Amino acid sequence: MVPSAASPKAFRLWPFVLIAAIAGSAALAFAYTAGWLSPHRLTPQKIVASLAPPGGPALGHRRNHAKGICFTGTFDANGEGSTLSKAPVFVKGEYPVVGRFNLATANANAEDAMVRVRGLGIQITATDGQQWRSAMIDPPIFPVSTPQDFYDLQIAAASKAPDAMKSFIGKHPGFLTFLGWAKTAPWTESYAEERYNSLDSFLFVDGSGAKHPIRWSFIPEAQPVSITPQELAKRGPDFLEQEITQRVAAGAQHWSVVVTVANPGDPTADPNKAWPADRQTVNVGTLNVQQVQPERDGPCRDINFDPTVLPAGITTSDDPFPAARSAAYAQSYNSRTAEASHYPRTATGGKQ
Amino acid sequence: MTTARTRFTAPQRLLHWLMAICILSMLFIGVGMVSTVTPRYLTLVQIHKPLGIAILVLVLIRLTLRIIYGAPALPADLPEPMKLAAELSQYIFYALMIAMPLIGWAMLSAASYPVVLFGSVHLPSILPVSPGLHTLLWNAHYYLAFAFFGLILMHVSAILFHKLVRNDGVFETMASVSTHDQPK
Chain A
3 MVPSAASPKA
13 FRLWPFVLIA
23 AIAGSAALAF
33 AYTAGWLSPH
43 RLTPQKIVAS
53 LAPPGGPALG
63 HRRNHAKGIC
73 FTGTFDANGE
83 GSTLSKAPVF
93 VKGEYPVVGR
103 FNLATANANA
113 EDAMVRVRGL
123 GIQITATDGQ
133 QWRSAMIDPP
143 IFPVSTPQDF
153 YDLQIAAASK
163 APDAMKSFIG
173 KHPGFLTFLG
183 WAKTAPWTES
193 YAEERYNSLD
203 SFLFVDGSGA
213 KHPIRWSFIP
223 EAQPVSITPQ
233 ELAKRGPDFL
243 EQEITQRVAA
253 GAQHWSVVVT
263 VANPGDPTAD
273 PNKAWPADRQ
283 TVNVGTLNVQ
293 QVQPERDGPC
303 RDINFDPTVL
313 PAGITTSDDP
323 FPAARSAAYA
333 QSYNSRTAEA
343 SHYPRTATGG
353 KQ
Chain B
119 MTTARTRFTA
129 PQRLLHWLMA
139 ICILSMLFIG
149 VGMVSTVTPR
159 YLTLVQIHKP
169 LGIAILVLVL
179 IRLTLRIIYG
189 APALPADLPE
199 PMKLAAELSQ
209 YIFYALMIAM
219 PLIGWAMLSA
229 ASYPVVLFGS
239 VHLPSILPVS
249 PGLHTLLWNA
259 HYYLAFAFFG
269 LILMHVSAIL
279 FHKLVRNDGV
289 FETMASVSTH
299 DQPK
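Residue numbers (the working numbering), protein chains in the order written: chain A, 3 to 354; chain B, 119 to 302.
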């Protein structure tokens with residue numbers, strides 16, 4: 003029944019107080035969810051900001067791995083991956099790839115010899131449009147164990163306090179394993195001679211629904227030729243890009259895509275911990291790099307190599323990094339695409 | 119449409135409350151996911167996309183029902199500015215409910231992200247890859263989400279005002295999900 007509103011009523015305050023309390027509580031809950039009431043929450047914005055050099059980020063570029071070069075090619079699946087994963091990219095066949103060789107630096111103009119870690123981003127598209135994206139690097143383990151540790155490492159590395167890094171390492175001894183690799187592993191003279199590793203663990207889901215914890219590596223067919231950073235510096239600041247362009251122009255370059263299957267108990271949540279070398283491996287196919295394009299107008303420029311863009315048949319594991327990387331990469335993507343005017347395409351639109 | 123109904127039809131009421139839950143969840147998921155790096159991020163993103171498409175489908179059904187059945191008349195004694203605000207807010211609600219999922223879908227397309235609903239089910243791209251369009255759409259999606267939440271707060275406040283202060287029957291037009299349509 004609808005009572006008449008025409009009869010005069012005395013003013014009551016409590017309904018207004020109640021309405022304000024309900025709307026106010028909802029607004030507070032919203033603000034809390036947005037992180038505005040939790041200044042200590044580790045956000046994608048904080049991680050991305052921590053990567054910026056003192057002079058600020060390279061506008062228009064990726065916030066990390068800022069220097070890179072595009073390529074296109076194919077992934078030839080040999081069908082072996084289908085025993086572990088129902089992902090369509092493992093069905094025997096040839097699938098188009100867009101990728102990017104890069105250096106792990108926030109400086110888009112870094113000299114090759116100044117950057118220890120090299121990376122590979124790939125996007126493989128299956129016939130039905132599902133995609134497998136991955137962003138890999140060449141060390142055998144990641145420097146730290148958790149996204150919070152990664153953030154703390156950036157803060158310590160940027161700190162002017164003389165003992166900041168010493169204190170960080172004291173709290174994160176796993177970083178020493180990475181330092182050991184950085185100091186002793188040979189440098190190579192080409193992007194084509196690097197082995198690139200997922201480091202993060204993922205789950206392959208097979209046709210029966212069984213999940214297999216795995217990591218993957220792209221192993222070069224080219225024989226590594228070691229070079230000292232001093233010699234690399236002499237060849238020029240952009241030698242790696244020139245070299246890979248010439249090398250691929252002379253002939254396609256190939257990597258075996260090898261999946262390592264964890265044994266029960268192997269650490270899947272910590273990319274700082276390697277798995278023993280005797281684990282089962284499955285060669286699932288070959289990456290063929292057939293053409294190289296400068297990034298400025300290249301096909302990889304506007305792709306976010308988000309490691310959580312995965313086809314059905316591959317999912318994330320308990321490794322906390324893919325989620326953090328996805329969140330931070332999206333933040334980096336939003337920033338750099340909004341700054342395209344700082345990194346203009348060439349006037350011709352880039353068809354070389 | 120011209121019958122003097124005092125309530126929305128049962129399917130309209132059902133859709134209203136179902137969508138209220140969906141949209142509020144969607145807004146909280148949205149602001150939550152862009153501010154965290156924990157594994158929850160992926161879960162939230164995975165819910166956000168199919169839920170957005172579900173809202174798009176539901177609002178199109180709802181709009182059809184609204185065109186067919188209309189809405190109960192507002193109280194005759196409602197002051198003109200409040201009547202105007204009530205009617206205007208409904209247009210804005212419909213515009214946002216339709217625009218937000220479309221903007222999200224277009225934004226993902228412009229960024230070359232696959233629009234995965236679940237498993238291997240994904241939607242086609244509706245825009246070419248474009249940093250400029252992505253930026254425009256991302257900003258629109260972000261700021262309109264806050265406008266949407268603000269509008270919901272006003273909507274809830276207004277309906278409580280109708281119930282608790284005026285007690286004029288407007289609340290009752292949408293209040294119950296029971297199929298029993300109160301005869302007057």
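You may find that some hints are simply not true.
[Unchecked claim] Derived pair list, reagent style DSBU-like, types lysine-lysine, alpha-carbon separation capped at 30 Å:
1) B/K167 to A/K88
2) A/K236 to A/K88
3) A/K236 to A/K275
4) A/K48 to B/K167
5) A/K185 to A/K173
6) A/K88 to A/K168
7) A/K213 to B/K167
8) A/K275 to A/K185
9) A/K162 to A/K173
[Unchecked claim] Not everything, but these chain B residues come out facing chain A in the computed CB check (under 10 Å):
10) A204
11) Q208
12) S238
13) S248
14) M272
15) S275
These are computed hints drawn from the structure, not numbers from a lab. What you are looking at is a predicted structure, and each value in this text was computed from that prediction instead of being measured. All residues carry an ideal CB built from backbone N, CA and C; glycine is no exception.
Fill in: Restraint outcome when B/M272 is required to lie within 10 Å of chain A by C-beta distance
Holds, about 8 Å.
Discussion item. Hint check: A/K185 vs A/K173, CA-CA at most 30 Å. Holds or violated?
Written reply: Within the cut-off at roughly 20 Å; holds.
Discussion item. Restraint: B/S248 near chain A, CB-CB cut 10 Å. Satisfied or not?
Written reply: 8 Å, holds
Fill in: Given hint B/S275 near chain A, where the shortest CB pair must fall under 10 Å
It holds, given that the least Cβ distance between B/S275 and chain A is near 5 Å, below 10 Å.
Worksheet entry | A/K236 paired with A/K275 [C-alpha distance capped at 30 Å] | 35 Å, violated
Worksheet item: Holds or violated: are the alpha carbons of A/K275 and A/K185 at most 30 Å from each other?
Response: 18 Å, holds
Worksheet item: Would the pair A/K48 and B/K167 pass a check requiring their Cα atoms to be no farther apart than 30 Å?
Response: 25 Å, holds
Discussion item. Against the 30 Å threshold, does the CA-CA distance of A/K236 and A/K88 hold or violate the hint?
Written reply: With Cα atoms ~48 Å apart, A/K236 and A/K88 exceed 30 Å; violated.
Worksheet item: Going by Cβ atoms only, is B/Q208 closer than 10 Å to chain A?
Response: Not OK, violated: B/Q208 not within 10 Å of chain A, min 19 Å.
Item to complete: Given the hint that A/K162 pairs with A/K173, test it: the Cα-Cα distance must not exceed 30 Å.
Response: 18 Å, holds
Worksheet item: Is A/K88 within 30 Å of A/K168, Cα to Cα?
Response: 46 Å, violated
Worksheet entry | Interface hint outcome for B/S238 [beta carbon to chain A under 10 Å] | With a closest approach of 4 Å, the B/S238 hint holds.
The structure shown violates the earlier hints numbered 2, 3, 6, 10, 11.
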